[in-house]
Amino acid sequence: MRRLALVALLLVSACRVTSAEVVVGGPPACAGQHADGLTPTTVRVGGVYPLSGPASAYGAVAQGAAAYFAWANARGGVAGRQVEFLVRDDGYQPARAVEEARRLVDSDRVFALFQTLGTPSTAAVRAYADRRGVPQPFVASGASDWGDAAHPWTIGFQPTYAAEARVYARHLLRTRPHATVAVLYQNDDFGRELLTAFEDAVAGTGVQVVARRGYEVMDADVQAQMAGLAASGAGVFLNVGTPKFAAQALAADAAMTTWNPLHLLNGVANTPSLVAGVGPAALRGVLTTGFYKDPVAWEDDPDVRTFAAAVRRHVPDADPASSQVMFGWTSAAAFAAALERMECPSREGLMAAARDLRDVEIGTLLPGITVSTGPGDPYPVEDLRVFRFGDSGWEAV
Amino acid sequence: MTAEPRTGTGHRRPAVGQYAGDRRRAWPYPRTALAMAAAAAAAVPFLVPPYPLYRVTLVLVYVVALLGLDLVTGHGGLISLGHGAFFGVGAYTAAILLAAGAPYPVTLPAAGLVAYGLGHAFGRPAVRLSGLYLAVVTFAVAVAVPPLIRRLAPGGAMGLPARTPGAPSFTGLDDDQWVYLLVLAVTAAAFALTRVVIRSTAGRALAALRADAGAAELLGIRPPATRAHAFAWSALYAGVAGCLFTWTTGFVAPESFTVTLSITLLAGLVIGGLGTVPGAVIGAVVVAFLPAPGLVSGLALIVVLAVAPHGVTGLARRLPSFLGKDRA
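The listed protein sequences correspond, in order, to chains P and H. Under my numbering, the first residue of the first sequence carries the number 24, and numbering increases by one thereafter. Under my numbering, the first residue of the second sequence carries the number 178, and numbering increases by one thereafter.
Only chain H is shown next, with the shape it has when bound in the complex:
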């Protein structure tokens, strides 16, 4: 390890786990691991008491939001400080629709589409500028949304209670188990969609832009359009996650979606590890269980970045080669 490589390009490739977005295989049994994780996730609601189950459900909700944020930040190399706002917009869209008597299945696409539209509206002008401008514009969105909700949304500063999905009687499940399984299904779909998007032409174009924007442009990739699409998609994920949040908590209030949430999401993703699916999961655990931003979470962020600059995932990916003989 001499010169620290900036990206994964060039013919001298760094060791596994040394840079974000590295897709080389580090763990030898991905299918088995995936199957076991799926089985464990499906078993959780039957083994865990109601309150911990609620917390686990929230972790899954944040996983969806972080998968979206990862599209922009991990794969696109841009910084968004506005995902808490899109999350809140999705949550409020769902809560307002539910209060108006809409059935649950409708609220999910509606929340996603509203957030997608807003993502396009804000992302399109912002991504024409360099990456930092996106951070500033999205930060402004995150700051503006809670007061807007307070003034305009039903319930105002008091917040808005919403119905939560009830389990159909034939399943014999408790309501919270049913909500967990719904959220799990959406999370699984979000995983699958992320894989498809990242491996698509557009996904590779996004990664190429991050690695070397000039070279990518020479190859015919249009940076603004590609990035704007990625941003809108990630807003859609955040909106869907917001809808799941409403399903889980049954209550939305403006102070749940302040700029703090946006920063926590970004910090969780960085701690978990950028550009990887496990990173989003670990990040979601961090978002759900780390205390509100303060001394503890600040120190945690610093420690992780000092010990593992590519997040917990990067650390874990380095483990096999570290234990084996072919140490880099």
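For reference, chain P alone in the conformation it holds in the complex:
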């Protein structure tokens, strides 16, 4: 009994030895804000990426971001702070993403979660980020949801899937005003948002969606869906899949000699591994959209050269010709821009800066496209250009 009483006394006297959060004293405007993981000379950030599993092709995004931070560190850091970038694997499973985010925040004490990849994982982590007040800036997912003001700790980066769908619709209305469209889509928020926005954009015009088939991320392949879509005989095929399934659809399309639609490949599926996997013959004439410089097509651009040199030097495993690596690099540059513009050195300050970027230019974005947010505009990049696959690579249309 005496031992029990002693333990009870210990508990009451010392309420957790290890949890003290870092609170900013500093200027009065910033007092009371939180700054775990941030010191005047360092900042620790953590990213959760699908390094394994069905969407592991996106793992290269982490390499691009790592290359950017290593490159910035070698040049004196971001606003004088050395960036420590921790990467975790969620296998594209939302439950594991939450688990890893929790580990990053609670155990590794990261300042911010830069970044989470994929709509399911990002949505899952968002609830946790809200609860803990941890910034989740520039997520690698194009869902419109990330502009939701009810979740102040999360902000997107790339153009939304809805914006992308409208670009396809505009392009079709201009070039094939009476097209019939067959759609293959991933049956989650990503696929449904693109499909719905596309249908809305073409509603009341000559362009008609005549067939659509969904698949689940856990499915093995999309053969059955492709057969059903081919039976529609549509003139245009909109391929709204993640790389693995989009590649299967491309291969199926190329194999079917009786059905030769204009193939629209959604932007997130356009990975180097897909291009290498299905080969240039299956891709010829395929259309896609993009907003950053393709490392191959822009090989001679000075910013792309800096990028390629930094990737080769700091992340030798990565492929400097990969557009996914470029995506990671570009979004990391936007994150650095937000870090530089923090008025308060705190999590709150980071989000305020990320929501107030005025036409920030990043060298690896396509000419004329900038990162821009402000009150009432929670979408950093909103412009897209259309590309066609020529003989060996993507060419501007």
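Calculated directly from the structure, the hints in this document are not laboratory data. The beta-carbon is built from N, C-alpha and C at its ideal position, and this holds for glycine as well. Take these hints with a grain of salt, some might be off.
As the list claims (entries may be wrong) - Simulated restraints on C-beta separations:
id: 1; chain 1: P; residue 1: G48; chain 2: H; residue 2: A212; range: 42 to 50 Å
id: 2; chain 1: H; residue 1: L329; chain 2: P; residue 2: S75; range: 42 to 50 Å
id: 3; chain 1: H; residue 1: L472; chain 2: P; residue 2: G391; range: 46 to 54 Å
id: 4; chain 1: H; residue 1: V283; chain 2: P; residue 2: L196; range: 47 to 55 Å
id: 5; chain 1: H; residue 1: L472; chain 2: P; residue 2: E107; range: 54 to 62 Å
id: 6; chain 1: H; residue 1: Y310; chain 2: P; residue 2: S75; range: 50 to 58 Å
id: 7; chain 1: H; residue 1: A483; chain 2: P; residue 2: E107; range: 38 to 46 Å
id: 8; chain 1: H; residue 1: G294; chain 2: P; residue 2: H194; range: 48 to 56 Å
id: 9; chain 1: P; residue 1: P339; chain 2: H; residue 2: P207; range: 26 to 34 Å
id: 10; chain 1: P; residue 1: P339; chain 2: H; residue 2: P282; range: 49 to 57 Å
id: 11; chain 1: H; residue 1: A220; chain 2: P; residue 2: P398; range: 44 to 52 Å
Claimed, not checked - Stretch-level coverage of chain H by chain P, calculated; a stretch enters the list once three of its residues show a Cβ under 8 Å from a Cβ in chain P:
id: 12; stretch: 221 to 232
id: 13; stretch: 322 to 335
id: 14; stretch: 419 to 426
What the hints assert, rightly or not - Computed, partial: chain H to chain P, Cβ under 10 Å:
id: 15; residue: R301
id: 16; residue: P338
id: 17; residue: T341
id: 18; residue: P345
id: 19; residue: S346
id: 20; residue: D352
id: 21; residue: D353
Chain H: place on chain P using the hints.
Here is chain H on its own, set in the frame of chain P:
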């Protein structure tokens, strides 16, 4: 040690720790040990940083699930491969209720009752057949539940975030400490209930059925009813554990409750030791910390079964007599 006894029956009793469900005392200070374990468990949230505390909380969650599975497998001698599904059903019941604005205390009995009802529905027809059929039927349940969740539950394949219990301000605790203490309280209640159930008439009937079904039936025990009740009770434990899982993680997704979880739970229980409370605790540590089923966990299972066929607990129970003079 000549002939390996199959059960604990007969007048030549094997040494302590040689068969599952052995209730003879092997450790001389049970009360002191229990008090110290309770004190340590209560002290953990104040000494451990947040992330490890979260892992320890999950261990307690799995303890509750394994206590339930042990009713069927350890005490009843039946194999269930469906407890991951009941766990998931409980977790989703809690998450859906929380999303609808229900208060926390409501979700615990609700999750338990839904799982209990499902346990009755599936267990009643299955246990009429022999033990292996229960394994097959429950396996089918475990396989069917994740796709059903994906199609029918809110959130679908994306999963469903849920609120987690916040500490009342008068306690001065962090939220994660509060959740730990809640889970600890439920775990303690589950322990107590297990003791009561096992010592009850129904619990003894279950053990008798495992030892010798024919003899038990001659004594007036009805095998299907007894086993169906045990199965439903164990599903209730799994449902409650699922609810605690939702409280702890604040997020549920179908892939968290696949057949893999069911198999991991069973493997954890076998490694920990069937038919004992410490076995459930050790098994829960195994479930929480062993990497996803693969080479490592497969080898661990084989090694444990080769070295200690009655689990880590059986090994530990043999220790005192092994060290003493009265070695069997």
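* Asked: What hint numbers does the structure not satisfy?
  -> 2, 5, 6, 9, 14, 15, 18, 19
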